[in-house]
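Peer 1: FYI, the numbering for the sequence shown is 1 to 698, going by my numbering.
Be a bit skeptical, because a hint or two may be false.
DMTMM-like mimics (lysine to aspartate or glutamate), calculated; alpha carbons at most 25 Å apart, straight line [what the hints assert, rightly or not]:
no.	residue 1	residue 2
1	K643	D630
2	K171	D198
3	K287	D319
For the record, the hints were derived by calculation from the structure and aren't laboratory data.
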Amino acid sequence: MNKMAADIRAARILIVDDMAIMQRVIGNCLSKAGFENLSYAADGQEALDAIEAEMPDLLVLDLNMPKVSGYEVCRILRASEKTANLPILVQSASETPAERVEVFNSGATDFVSKPINQPELLARVCMHLENKFLIKDLSDFHGRMRAELSMAREMQHSLLPDKEDLEEIEKLSGMSFEAYYRASFELGGDLWGAWALDDDHIGLYVLDVSGHGVGAALNTFRLHATMSRFEALRHNPAIFLDSLNRALQPTFPLGQFATMFYGVLNVRTGDLQYAGAGAPRPVVVSKNGETRLLDSSGTPVGIIASAKYENRTTRLHSDESLLCYSDVLLEAPDENDQFIGEDGFVAEVRAEAGAGDRRELVKRLLDHFYKRLPGELPDDLTAVALHLGHLPDALKPSTDTDGGIVAMAAPEGALAAMISVFPQLGDIKVHLAEDMAGVEKVFRTNPHIQALLLDMGHPTEDLTRINNALGEEFLAAAGPIVLVGAEEKATDAETLSEIINSSRYIDQSHGAEALFATVSAEIEEYMLRRSVRVAVETAEISVSDMDTASYRFRTREEAKRIATILASACDEPGAIAIGLTELMVNAVEHGCLDIGHEEKGDLIEKGRLADEIKHRRTQAPYADRFVQIDFRRTPSQISFRIKDPGKGFDHQAFVGRPQDGHTKKHGRGLTMACSCFDELTFLGNGNEALAIHLVKAR
């Protein structure tokens, strides 16, 4: 006997009839069929009392009885929530249509005629008991599902930042969070989070897993668990996304992925480094409603293991907000089946930014959203705003101990006049020093200086000895030294460049904007070299035990990442990473993109280098060009062979290691690279470099 049959035969059946003979007839019929749990009542009131004492599974009810009729019993039972779904099988000698209508209007489930047709009675009893138990099983299943979904929902909500943790971050940063999360189903695929990385940095991410419901939620749990494996890489958004993507791609079902934005904010300077994986573009908004969009493009996580991610930077200022959100805010249709898109949403952000308390911007935006939403939420919704406060003087990005540049210039000279315009052109802090002692003092109190400007009007003796005044960090990463003077000083500048290894000479007649653009570009390259050194000292990514490896790349960012990885195999990884980066970036700019030194200088002065690089990457002659680096390790040495598709250069002029600075005005990068390796040789036309690092005996 199967389980369902056993349940039916053990069902409690109450037989109600005022005639004892009818009770016996119905009881004998059911007993012979195997029903074991029968009870009886002689009238309607007795039946109601029995039901109150013990709920039956089915009621066989006569209509015409003393005290309380069968009709009234039906109405009383249906009026109670406890007995509203009790199956009631009515038996009656009358079969007029009017009586049947009255029976069913009273609440009966089914009808059986007198005299009792035993096969019909058994069929109807079994059918209604089967239905009851099926409905009960389904109800129990739904109850378990609701309980499990509720538990899963609580678990998913537990992945969101804890209130106490956010309060700690707010206390650390002086900023405030405003966040909203709502799933379109019981479970969702959206998630956001924030964490303190150290006293100066916080990380913020917003992600959206494709799909809805349980499947999306499972991938969200998988993604959250995987993120915890790469805690050591959280300082670098691009490397963090790289590692996350490589780990998740094999585990994500085909066609499923996650879009993501991850940023690391310096809470003292407002500098934000971030990387995107196809997420909606975050909006930076001032309290007056001025907006700018961040580039969060990139391959969604989980699609292809070879996807690469790029670090980008911007600076947030006092009283600005960073708004991240899921795409439902852009794509949910209104009552006219129209959606506002990115332009419409940004227009709403501008309008609402100045319409009330800045810390309630998300609330006002969502009020608008739900007013135009005609029905249910079509997708999961997440909106997170990070509201910066007013940065106190000790936290402003332009303090005397927080980077910037130093200019050795006479107070009334041309260079001093040019740098006085810098505040109008951008966010570069300038320290003015009148002589070499002043430069030395600045470097002593501020080891993070990013560039040095020298007025060619200073005595040659002071200029030739300037390296003695510079900081170790600045010299180690070949900090940029820019010479500024009148046209007639060009020859002197070239001679001086051979001595102090300066990076560029700017004719003062070109103006403050050209100087600012040049300094900005030089700082960018210098910070790239410095960040490589930091990355290689902190990253856990390495070539491990591999003795050979080959990589292809076509961007500066990829060059930096690969240099960091390969340099970790060396005894002096910081210096090797800087040397590799210099060679690899040159291979990208000169070899892949065919940007010569003179052209690069012109582009830098005009502030167009970055735009030209982006433009050339899209052009047919350059789009498919790559640099290849081959890594080979033996017990005695590590070699790096870098080959680009360019025309090369006159490498014969640079054979050997320069001892007293470079002898050509364009050789500064080569001088720096030479100082990082034990051997550096150029092959072919100069488009192939072989760098050797000798392994120290252990």
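Peer 1: Taking each numbered hint in turn, which are not upheld by the structure, reported in ascending numerical order?
Peer 2: Violated hints: none at all, because every hint is consistent with the structure.
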